[in-house]
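Each chain is listed here by its residues.
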Amino acid sequence: MYKTTGFFSFVLRRVTGVALALYLFLHMWVIGSVNQGAEAFDARLATVQSPLFKFLEIALLAAVIYHAIDGIRLLIVHYFDVAEYRKSLFYAVMVVSVLLGIAGGLPMLLFAINGG
Amino acid sequence: MTDTNVITHDVIVVGAGLAGTWAALAAGREGVTDIGVLSKLHPLRSHSGAAQGGIAAALNNVRPVADTGPRGPLEPIPVGDEPVDSWELHMFDTIKGSDWLGDQDAIEVLVKEAPEIIYEYEHMGCVFSRLPDGRIAQRRFGGHSAPRANYSADYTGHVLLHTIHEQALRHGVKFYPEWYCMDLIIEDNVCRGVVAMDVLTGKLYTMRAKAVMFGTGGYGRAWKITSNATANTGDGVAIAYNAGVPLMDMEFVQFHPTGLYGKGILMSEACRGEGGYLRNGDGDRFMEKYASGLMELAPRDLVSRSEQTEIEEGRGVGDDKQGIYLDMTHLGAEKILSRLPQVRELALEFLGVDIIHEPVPIQPTAHYSMGGIPANADGQVIADGDGTPVVGFYAAGECACVSVHGANRLGTNSLLGASLFGRRAGKSIAKFIKDGAELAPISGDPTQKHEARIQHLMSGPTDKKESVAQIAAELKETMTKNCGVFRTEERLQKALQDIKQLQERFKNARVMDTSRRFNTDLLGAIETEHLLTFSEVIVASGLNRQESRGAHFRTDFAKRDDEKWLKHTMAYKNGDDGPKLGYKSVNIDWEKYPPQERKY
Amino acid sequence: MATNGTSKTAVIRIQKFNPDKDKKPYLKEYTVTVTPDTTILDALEEIKATQDGTLTFRRSCRHAICGSCAMNVNGHNTLVCNQRVNAHLDKKGMITVRPLPYLPIVKDMVVDRTSFWDQYQRIKPWLVPPEDVPETEFRMTPEEVKALNDAEKCIMCGACYSACTVTAMNKSYIGPHALLKASLRIQDPRDSITDERLVEISGADGAYRCHTIFNCIDACPKNLNPTQAIETLRKLAQKRAAYVDARKERQKTL
Amino acid sequence: MRITPTRIFQIQRISAIALLVFMTTHMVVVHYPPMHIDFSQIIVRMGEPIWKVIDILFLLSVLTHALAGMYMVLTDLQKIGPYRQALGWIAVVLFVVFFAYGTKTIIAFQPPV
Ligand SMILES: Cc1cc2nc3c(=O)[nH]c(=O)nc-3n(C[C@H](O)[C@H](O)[C@H](O)COP(=O)(O)OP(=O)(O)OC[C@H]3O[C@@H](n4cnc5c(N)ncnc54)[C@H](O)[C@@H]3O)c2cc1C
Ligand code: HEM
Ligand code: SF4
Ligand code: F3S
Ligand code: FES
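Heads up: the protein sequence lines correspond to chains X, H, R and F, in order.
Using my numbering, the letters of the first sequence correspond one by one to residues 1 to 116.
Using my numbering, the letters of the second sequence correspond one by one to residues 117 to 716.
Using my numbering, the letters of the third sequence correspond one by one to residues 717 to 970.
Using my numbering, the letters of the fourth sequence correspond one by one to residues 971 to 1083.
Calculated directly from the structure, the hints in this document are not laboratory data.
Virtual Cβ for every residue (Gly too), placed ideally from N, Cα, C.
Don't take every hint at face value.
Stated by the list, open to error - Partial list, derived from the structure: chain R residues whose beta carbon lies under 10 Å from chain H:
1. Q731
2. A765
3. S784
4. K823
5. S831
6. P850
7. N865
8. E868
9. D961
10. A962
11. K964
Using the sequences plus the hints, can you model the full thing?
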């Protein structure tokens, strides 16, 4: 593959996008059971409350954050003539994503470890 | 001939530069539908695309600001004001530039139709640089007494080539990209087609046609220091010569004054057109000594000789003192970036010199070939000094010699010539076809000879094998040393001897690549054979012409000699002996444009 | 030669492949002597002349204007005629040269650019002038010309096309080179089929297929910016009717 | 209304902007601060009409965005070429099904007495 920062961000965006889409359907399946009463809901919720899923949830947050920030980058590129700053923009997205990821993920991680 | 290797078209055009493409488009517009254009390169790779400076036509869009001298600033001519330029002036400049060897009837056609060609390019989408009011911008060029170079920054040829190629596509012209023409079939003075190789497969084809047109471009590749592309190996001229067509005025080869030092890559004349200076090793603007009027904007032959004189007298620059400085540091970054962006990049990339801040070392470089396949203003190739046409064979562009450039071409006149005579050739081909031209029969299978040639190059005795690359390198060495800016009997004799020996050695040359698929090694060998063929004609014609005229400068006959030499050289192939030389008279209007001394 | 300074040896690793003979591409090393101003093309020519005549590559102009010599050097697409060997040597004093990626290989560095040219033709690269043309030139302002300059400089080398991840996946994508060309015609006030062009480039294979990967800019040896041209096309396509009307008005005053 | 690539692009971008708002809200309110999610909390929030409206809009934008995105991902592949049209319809059907299912979940929800 022809590797550049642009390619890297494209792959990340695509992987996170598809992952989020798949998660969305799973999510709707879980939430959909609220109408079948508390038991059904809790049962489904239980499957997604295992420690594994806690970590997955952190990954999910990271994915959303990266995908969203990168999406903002694309919007900027569309509306402003900034292609020449593409490398800086990429690094900016990475930095912001990591910072937001830490801010959001760390408490979740602690919560998951301490078991709430 | 088997059916599988015969292709038939009404018209076959060889070469897809400006000349060839214009011919195909013009013939197509006149209603000829069955046209095949072959080119050994993809059409957009043709060397026309490398032209930088501009294309001439007296449009009268700008004029020099009054009383500022020949190098002063330019201003737009307000609409309604007196024009400063005219086709007559353009004509006189061209004749003077040609050192009176140009045929004046053809020159008149050239300069009169010039504006039409420019406007047509413009209407077809060519992006010219503009004046604030929307008209096409113009700049000065060497040897032109008025600013009449129309341009697109410094990639004019590129823009013209893309424009015309796209229009040909629009018109549905059929291209054969990467097909190599190997031979021209002429029997009884009637042209019947060509032999060509599909480079991809290595297969040979007989291509039959009612008319064949050559627009195969220049042949500066016989020199070591050259501005020409590696494809400019003069295939067309060599093939035509081998097929019995004479070659005209081959001794006239233009050396451009500003090739990048050691590389030959062109620094456009626009550098000087925009106000650049030439300086020698002492920092002097030496052109003062040689052409105090036009200075750096004197015609190319004169400037190149001036540089070479400075170099030979020890005032050169660079490691081996073989260069001269082209100084544009006073032009300012803005002008350089908007008018000469490509030139700046070239100097940066190849020599690491930023022309905004430093002068760049340059040297004369083999650039343009005035001679070639003799043709009249309708593109018809002529077979002898009386102007008898070869039936169905046409030529235009740099491979042809319509003789508008005579002994020295003015910058910007060749893009014009290639376009305009290409178009005219296309029109006259269309007329020829519509008047009922017929497909002439071909005797035997003309591909066989070339199949044998290929087999020979790929096999045979390996013990005394010669390297093609070595032979080509030695040819370039001797041409640069002995057939360059300054020539003498002695030097030319030496070159002739060397060429003869190299031709002999070539018989034992073998290629390293013996596969048929995309064999550039094989093509290189065939091209080298072509170089050897036409170089001999150049040297022999130069030896014969005992005078100095335009680009042909003999230190042993330093004066122009109209009495004896106001005539074109015609070189005919004469078996394996050197060319047989004859002459053709120059068309001159003795009333209006009698020969004068050429001073700038 | 002239300004050459000291010479040294460099190793050029070249990917060789002749489909008639070889099962798959392989790398071969050649050692050449270079000076600071030896270009990669010079080195290839040297190898072909003296070491391996079968080495096959395209080239012509030697100064970055004909578009023949685009190749992949150390993983990046570039022209080789304007790149000096010294600038690309890696830590081991080596350069790796491969053909343009994602295109069928004809032989060694020569790739089959058929899909590239097909896409170029598909967008109708030619200008279609209005019915009545003036006697002299159309009056275009220097600003209008400036907007076209970038696209007009494209030498159709294919470096961008071959670097683009989308064309790697899908050859029916019009591609950065052709979209750049389309943007030239669409922004040219002289063109009269703006509407048709906008419809074509906003189709399923057009400007919206681009995922703003920027490889095209990274690869372009002429420093052009196909991505921005594509963004411009997307914007124009979204207000197609208004833009076409404005064009028509402008054409009346040409 | 014909579904053209221009529209898909616009949908993708507009839904992306909408998602920026909804997603942030959603993440902050539902998944963060990190606390144990249980039935009662969800029930309380989901019962309020204003949240029902927000959730439906969120559902709308996330579904269009995700389906348009998946459509683009798949149609990027050469092999999918001939099936682009069919794929488009599948996306529309999926949209209708999931939107109906999701909306039903949101609207039909009644806080238990
Ligand atoms: C660096 C440079 C700058 C220049 N700048 C200017 C300028 O500013 N102004 C100006 O007026 N002139 C300029 N010139 C000169 C001018 O560009 C050329 O004279 C002109 O473009 C020649 O056009 P052409 O159509 O004859 O040939 P080309 O454009 O060279 O085309 C030749 C065609 O023939 C084909 N061909 C050749 N041999 C074969 C074969 N055996 N089989 C099949 N096809 C073959 C090639 O593939 C090519 O398509 C410049 C020249 C150079 C070298
Ligand atoms: C939170 C704000 C979000 C923003 C700003 C955003 C932005 C974008 C943008 C601009 C694209 C277009 C990419 C392209 O054209 O190449 C895109 C693609 C995509 N998005 Fe989002 N998105 C967001 C959330 C989501 C969510 C929640 C999902 C999943 C449910 C999702 C799934 C996808 C998918 C599948 C793609 C296609 C991937 C691709 O084309 O590479 N996005 N997103
Ligand atoms: S845009 Fe650049 S990389 Fe692409 S073809 Fe044109 S010049 Fe080559
Ligand atoms: S690399 Fe390809 S995806 Fe777009 S930005 Fe360039 S065309
Ligand atoms: S040889 Fe022409 S672009 Fe490199």
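So, going through the hints one by one against the coordinates:
1. Q731: For R/Q731, the interface hint is violated, since the closest Cβ of chain H sits about 15 Å away, which is over 10 Å.
2. A765: This hint holds: R/A765 lies near chain H, its Cβ roughly 3 Å from the closest one there, short of 10 Å.
3. S784: holds (5 Å)
4. K823: Result: holds, 5 Å to nearest chain H Cβ.
5. S831: violated (14 Å)
6. P850: holds (8 Å)
7. N865: holds (7 Å)
8. E868: The hint holds - R/E868 has a Cβ within 10 Å of chain H, the shortest such distance being about 5 Å.
9. D961: At 22 Å from the nearest chain H Cβ, R/D961 fails the 10 Å test, so the hint is violated.
10. A962: violated (18 Å)
11. K964: Violated: closest Cβ of chain H sits about 18 Å from R/K964, beyond 10 Å.
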